[in-house]
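K.L.:
Chain order of the listed sequences is A, B and C. Sequential numbering of the first sequence, starting at 1, is according to the working numbering. Sequential numbering of the second sequence, starting at 288, is according to the working numbering. Sequential numbering of the third sequence, starting at 611, is according to the working numbering.
To be clear, the hints were calculated from the coordinates, so they are not data collected in a lab. Wrong hints could be hidden among the right ones.
Now the stretches of chain B that chain A is said to cover, found in silico as 3 or more residues with beta-carbon under 8 angstroms [to be verified]: (1) 374-381; (2) 406-414; (3) 423-429; (4) 437-447; (5) 579-588.
Computed from a prediction, not measured in an experiment: that's the story for all the values here. No residue lacks a Cβ here, since even glycine has one placed at the ideal position from N, Cα and C.
As a plain string of letters, each chain reads:
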Amino acid sequence: MLIQAIITGLLLGGIYAVYSAGFSLIFGVMGVVNIAHGDLVMLGAFTSYWLFTLGHIDPFLSIPFSALTLFIVGYGIQRLIINRVVEAPPIMSYICTFGIHLIIANLALRLWTADYRSITTSYCGSHLECAGLVIPYARLATFGMAVVMVGGLYLFLNRTDIGRAIRATAQDREMARLMGVRANHVYAMTFGIGAAITGVAGSLISSYFVIYPQMGLSYTVTAFCVVVLGGMGYIPGALLGGLILGVLESLTATYWNAGMSSALTFFILFLMLIFMPAGITGKGIVE
Amino acid sequence: MIQTPPGRAFTLPRKAVLLAAAVFVTLILVPAFCHQGYALRLMGMIFMGIALASCWNIMSGYTGYIDFGPAAYFGIGAYATALLMVRGGVPFFLSIVLGGVVAVAFAVPVGLPTLRLRGAYFAIATFAFAEATRQAVLEWDRVLGVNFFQGSHGITLPIGPTHQFFYYTFLVIMTVLFVITYLVERSRMGYALKAIHEAEDAAELIGVNTLKIKIYAYAISAFFTAVIGGVDAYWLTYITPNDVFSVHITIKMVIMCLLGGMGTLLGPVVGASFLTLISEPLWARFPYDYLIIIGVIIVLVIVAMPKGIVGTLLEWKVDSRGT
Amino acid sequence: MLEVKNLNAGYGPVQVLWDISLEVGKGQVVTVMGPNGAGKSTLLKSILNLTTRVKPKGEAIILDGKDITRLPPEMMVKEGVAFIPEGARVFPEMSVLDNLLMGAYVPQARPHRGENLEKVFSLFPHLSERVHQKAKTLSGGERQAVAIGRALMSHPKLLLMDEPSLGLHPLLVSHTFKAIEKINRQGVTVLLAEQNVFFALEISHRAYVLESGRIILEGEGKALLKEDYIKKAYLAM
Numbered sequence: 001m002l003i004q005a006i007i008t009g010l011l012l013g014g015i016y017a018v019y020s021a022g023f024s025l026i027f028g029v030m031g032v033v034n035i036a037h038g039d040l041v042m043l044g045a046f047t048s049y050w051l052f053t054l055g056h057i058d059p060f061l062s063i064p065f066s067a068l069t070l071f072i073v074g075y076g077i078q079r080l081i082i083n084r085v086v087e088a089p090p091i092m093s094y095i096c097t098f099g100i101h102l103i104i105a106n107l108a109l110r111l112w113t114a115d116y117r118s119i120t121t122s123y124c125g126s127h128l129e130c131a132g133l134v135i136p137y138a139r140l141a142t143f144g145m146a147v148v149m150v151g152g153l154y155l156f157l158n159r160t161d162i163g164r165a166i167r168a169t170a171q172d173r174e175m176a177r178l179m180g181v182r183a184n185h186v187y188a189m190t191f192g193i194g195a196a197i198t199g200v201a202g203s204l205i206s207s208y209f210v211i212y213p214q215m216g217l218s219y220t221v222t223a224f225c226v227v228v229l230g231g232m233g234y235i236p237g238a239l240l241g242g243l244i245l246g247v248l249e250s251l252t253a254t255y256w257n258a259g260m261s262s263a264l265t266f267f268i269l270f271l272m273l274i275f276m277p278a279g280i281t282g283k284g285i286v287e
Numbered sequence: 288m289i290q291t292p293p294g295r296a297f298t299l300p301r302k303a304v305l306l307a308a309a310v311f312v313t314l315i316l317v318p319a320f321c322h323q324g325y326a327l328r329l330m331g332m333i334f335m336g337i338a339l340a341s342c343w344n345i346m347s348g349y350t351g352y353i354d355f356g357p358a359a360y361f362g363i364g365a366y367a368t369a370l371l372m373v374r375g376g377v378p379f380f381l382s383i384v385l386g387g388v389v390a391v392a393f394a395v396p397v398g399l400p401t402l403r404l405r406g407a408y409f410a411i412a413t414f415a416f417a418e419a420t421r422q423a424v425l426e427w428d429r430v431l432g433v434n435f436f437q438g439s440h441g442i443t444l445p446i447g448p449t450h451q452f453f454y455y456t457f458l459v460i461m462t463v464l465f466v467i468t469y470l471v472e473r474s475r476m477g478y479a480l481k482a483i484h485e486a487e488d489a490a491e492l493i494g495v496n497t498l499k500i501k502i503y504a505y506a507i508s509a510f511f512t513a514v515i516g517g518v519d520a521y522w523l524t525y526i527t528p529n530d531v532f533s534v535h536i537t538i539k540m541v542i543m544c545l546l547g548g549m550g551t552l553l554g555p556v557v558g559a560s561f562l563t564l565i566s567e568p569l570w571a572r573f574p575y576d577y578l579i580i581i582g583v584i585i586v587l588v589i590v591a592m593p594k595g596i597v598g599t600l601l602e603w604k605v606d607s608r609g610t
Numbered sequence: 611m612l613e614v615k616n617l618n619a620g621y622g623p624v625q626v627l628w629d630i631s632l633e634v635g636k637g638q639v640v641t642v643m644g645p646n647g648a649g650k651s652t653l654l655k656s657i658l659n660l661t662t663r664v665k666p667k668g669e670a671i672i673l674d675g676k677d678i679t680r681l682p683p684e685m686m687v688k689e690g691v692a693f694i695p696e697g698a699r700v701f702p703e704m705s706v707l708d709n710l711l712m713g714a715y716v717p718q719a720r721p722h723r724g725e726n727l728e729k730v731f732s733l734f735p736h737l738s739e740r741v742h743q744k745a746k747t748l749s750g751g752e753r754q755a756v757a758i759g760r761a762l763m764s765h766p767k768l769l770l771m772d773e774p775s776l777g778l779h780p781l782l783v784s785h786t787f788k789a790i791e792k793i794n795r796q797g798v799t800v801l802l803a804e805q806n807v808f809f810a811l812e813i814s815h816r817a818y819v820l821e822s823g824r825i826i827l828e829g830e831g832k833a834l835l836k837e838d839y840i841k842k843a844y845l846a847m
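Only chain A is shown next, with the shape it has when bound in the complex (with noise of 0.2 angstroms):
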């Protein structure tokens, strides 16, 4: 039972790397704590769920479709609202990203109702048995996808030009800009690019979980936590602190309760923040 809590754990742990990597990216490149973040997760989960019910598109193969539809919303944000407080002090984006959560959210309320969906494919029930544990094949795919993402977000940061870009823009944005570096069109790409990956989250998670409009919040902390975790603005500890935070949520859901799960991811940031706040790798942006 434990094996199995502890495989369950890391499947879903890479879930929330990949789209905690995307609010990683966007603060430490920005300075900007994504509180509409979950919604974004949400919406690409949606995109996901009408694909299917609409059009019959399958989970995995609507990935393109959320990612390209999350980085034109994230790019379209921070372009219009987000670029005006950027240069703010923080409190400004912090603020302003609760209200575009406000907007998105229940604006999804309002289109979708507060009903609870899911997407049910053919094969989600199949699954590997062995030795005793059981793994869905669904659940295999979601994390070797998650993994490339992950992956893929890396790759892209240090061995792409704009990459390199988006990363000279994080030190030192006055001589980046002495580069030849736009930062307005720096900041609005990162956004589109950690909202792209994000969605793609949200499809994957459209897989696995009852979806809802109201969501969003929950898994915004979850970012929070799992960054905390690995460090804040360090992409890999992303993936490791989306591993940690999915087994320990595993293993309270199997030997305690899962009711408690945003009580655990509280007490868990709480006692990185009070011990070690730049994260279990060392690598986080503290201060």
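Starting from the known structure of chain A, fit chains B and C onto it as the hints suggest.
P.N.:
Only chains B and C this time, still in chain A's reference frame:
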């Protein structure tokens, strides 16, 4: 060491003091002339709004550390008061004060690790705390197999007195907070708060114990938020975790203060009055889009008028006085 | 190559530069020198449009015939102006290679990436041993080299250098100025802001002396070394 700003805490133009006193006396006398339950209730709600906004202002407005979890203390106060009154037979006024104390008992350990770091951590940590508290109170009985919080069944309090009673209670709390804000603004602590807001590292360097000051602000805010929560519990007579720990409470507090002007004395007054007055018709007309509109208002205020109504007016006053 | 006319600039409400006019000929090394606070850094930053301009009507900054007075800073590198700030300001978390590649971000520099990298490594051979090291772990002199290399990667016509000798010990300073000379001989025009008069004037064709935001002296590089004023103020003679 920091010097107290020139002039002492009680210097103020005579006119302003007289005006404030006049307003206060008027408000005290209102119920004698107006017996309309609805009007008294509305005014009570405005006072409560002003008080809540002031609580948020004392913490986030002055330090700049955005607190996204005041709902936690509101709920703690509500539940503490409810449980004390229902289970312990403790009288109302004592209950709400004890509720405040319980809130502080949580606020200090929550604030200590989170206020040492950047504001971003504090913002989400406080939010996480509020959510966790809500869930804990909701699931406590079920998970631990006890009969304490009653979970979603909620707790029913003894029937409270008239609207007049709550009118006066909130009037007093609001006035106390107003006076506290005023005194803090002009005291050494206010000076320190300003320093923390504008240049925390520099403040540390000149010897300000920024952590201590931040904890004070946070604790004061938590205390009064809990007290207000306790009064509200008595007023509503019935509480559930999803009501009193609701993120909507936080939203209201944030936007009332933001709209009026964070870090100003009158900001909460203006913001809360305005919002409460337009809330009723807004809520009635657009029950489903209400929060969307609030979200749009927040974004617009941040982008166009980040200093809020009072803050922007103050800026205009300074500008027009000449360069 | 570069003409500055009647520049008045500062930071916000504080004016630092008063009626500055100077010229940098193509292929030359020109030094602007002066004591701390004279406005040397401000001058360079003003050319890049990073400061506040006062009296914007009277002034002009012309690069190779093109008016760049109001050009935004991110376009400067496109016109061939590269900046090496005081203290190098390399991207700390990025490797030496990444820093250099970042310098070649502008489209016109990309095709020349390979050849420019070679040039940089031949100028500063010790960097080739540290290619993948994070910039923040380098010594002051190495960071300076990276900053210069990064600027060169943008394939510039004009190099603006702010106090390259600052914080470096004398041997390194001499190396640095020899490198600047080499760069100049390869065809890059250099405008230098320096306090270290001796080394700077050795390699300069012309120089200006800036004091309290005004130009009080100008002349041929080495000739200035003999000026009494310079001797007294800077060489303690």
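K.L.:
Against this structure, judge whether each hint is valid.
P.N.:
Taking the hints in turn, this is what the structure says about them:
1. Counting residues of the region 374-381 of chain B whose CB falls under 8 angstroms from any CB of chain A gives 0; the rule of at least 3 is not met.
2. Residue count for the region 406-414 of chain B with a Cβ under 8 angstroms from a Cβ of chain A: 7. That meets the three needed, and the coverage hint holds.
3. As drawn, the region 423-429 of chain B meets chain A at 4 residues by the rule of a beta-carbon pair under 8 angstroms; at three or more, the given contact holds.
4. With 0 residues carrying a beta carbon less than 8 angstroms from a beta carbon of chain A, the region 437-447 of chain B misses the three-residue requirement, and the given coverage is violated.
5. Given as covered by chain A, the region 579-588 of chain B passes the check, having 7 residues with a CB less than 8 angstroms from a CB of that chain where 3 are the minimum.
In this structure, the hints that do not hold are numbers 1, 4, in rising order.
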